[in-house]
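Asks: Given these sequences and hints, build the entire structure.
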Amino acid sequence: MSRLLQVPFGLLLVLAAGCRQEAVYATTFAPDFSPPHHVVSVFGVFKNGKMDSEAWDALAERVSGSLGAAKCEAAYSGSATSPNHALWAAVDDYTLDNGASDDLLAKIAPAARGDLVLVVIVAGKLPTRKKLKIQDDNPKASQGGAGDPVGLTRNNGPMFRPKPAPTALDQLDLSASLFSVPKAASVALVALQYSGESVDEAIAGFTAKLASALPGATCAGWNWEAKIDPEAIR
1 MSRLLQVPFG LLLVLAAGCR QEAVYATTFA PDFSPPHHVV SVFGVFKNGK
51 MDSEAWDALA ERVSGSLGAA KCEAAYSGSA TSPNHALWAA VDDYTLDNGA
101 SDDLLAKIAP AARGDLVLVV IVAGKLPTRK KLKIQDDNPK ASQGGAGDPV
151 GLTRNNGPMF RPKPAPTALD QLDLSASLFS VPKAASVALV ALQYSGESVD
201 EAIAGFTAKL ASALPGATCA GWNWEAKIDP EAIR
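Residue 80 in the numbering used here sits at position 80 of the sequence shown, and the numbers go up by one each step.
Treat the hints as calculated values from the structure; they're not laboratory data. From the three backbone atoms N, C-alpha and C, an ideal C-beta is built for every residue, glycine too. Be aware that a few hints might be false.
[What the hints assert, rightly or not] The calculated DSS-like cross-link candidates involving lysine-lysine, where the alpha carbons are at most 25 Å apart (straight line), are:
#1 LYS107 - LYS183
#2 LYS50 - LYS71
#3 LYS227 - LYS50
#4 LYS50 - LYS107
#5 LYS227 - LYS107
#6 LYS227 - LYS183
[Claimed, not checked] The following label-pair restraints were derived from C-beta to C-beta distances:
#7 PRO35 - ASP229: 40 to 46 Å
#8 ALA80 - ALA226: 18 to 24 Å
#9 ALA106 - GLY216: 23 to 29 Å
#10 PRO36 - ASP57: 25 to 31 Å
#11 ASN223 - SER53: 32 to 38 Å
#12 GLY68 - ALA89: 28 to 34 Å
Replies: Structure follows, in structure tokens:
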């Protein structure tokens with residue numbers, strides 16, 4: 001597995017209406033990874049300690065736009081009517097214990113039409129009155145500790161492996177992990193730690209950074225004729 005190098009992406013401080021808003025961006029690239037012109041297959045959103053198809057619905061338009069598409073197809077579906085329900089049930093069991101690890105993505109990768117597989121990770125919650133779907137309902141189940149909220153530290157495992165400590169309630173963490181199909185390893189991470197007041201602003205900033213980190217990217221769906229054995233995932 002490639003060793004990733006952490007590189008600060010930038011620090012944005014905004015003063016608005018007498019309230020300080022802060023967004024901290026970072027990217028991580030494997031030394032042998034070239035960012036431009038990749039085809040990306042979206043696996044889905046890991047949120048609240050599990051895969052969450054509704055969270056993808058909330059993010060789909062903007063994440064897809066950062067990949068040059070109106071809407072990218074996400075593989076994961078929590079619906080009992082999905083033709084791949086047995087597969088997603090196995091994925092649910094696996095991710096509850098292990099997160100969306102490289103090992104899992106390597107098993108799913110044969111069905112990806114792109115050369116990269118994207119997982120969006122959501123953790124934390126802003127202190128807003130209105131409940132927004134993208135935020136965590138149970139931060140203790142989310143990945144990332146107080147000192148490493150987006151899981152940038154690799155501990156002999158995927159860069160987004162859940163950590164035991166809860167994320168701060170006044171911070172929303174968004175990250176996009178990119179798994180290389182040919183390399184069978186995670187090769188990039190784009191992350192945001194946001195402590196402002198607008199979830200919409202956080203998502204807009206995050207997806208803009210994703211677009212700039214992967215210039216010329218496009219997205220492609222999945223080929224489910226490539227049969228993935230659910231029992232190989234359990």
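Asks: If a hint holds in the structure, say so; if it doesn't, say that too.
Replies: Okay, the hints, checked on the actual structure:
1. LYS107 - LYS183: Given pair LYS107, LYS183 holds - Cα atoms ~13 Å apart, limit 25 Å.
2. LYS50 - LYS71: Cα-Cα ~22 Å, so holds.
3. LYS227 - LYS50: At roughly 23 Å apart (the allowed maximum being 25 Å), LYS50 and LYS227 satisfy the hint.
4. LYS50 - LYS107: holds (18 Å)
5. LYS227 - LYS107: holds (10 Å)
6. LYS227 - LYS183: The given pair, whose Cα atoms are some 20 Å apart, holds under the 25 Å limit.
7. PRO35 - ASP229: 40 to 46 Å: Violated, since PRO35 and ASP229 (Cβ atoms, about 33 Å apart) do not stay within the stated range.
8. ALA80 - ALA226: 18 to 24 Å: holds (23 Å)
9. ALA106 - GLY216: 23 to 29 Å: holds (25 Å)
10. PRO36 - ASP57: 25 to 31 Å: holds (29 Å)
11. ASN223 - SER53: 32 to 38 Å: violated (20 Å)
12. GLY68 - ALA89: 28 to 34 Å: holds (32 Å)
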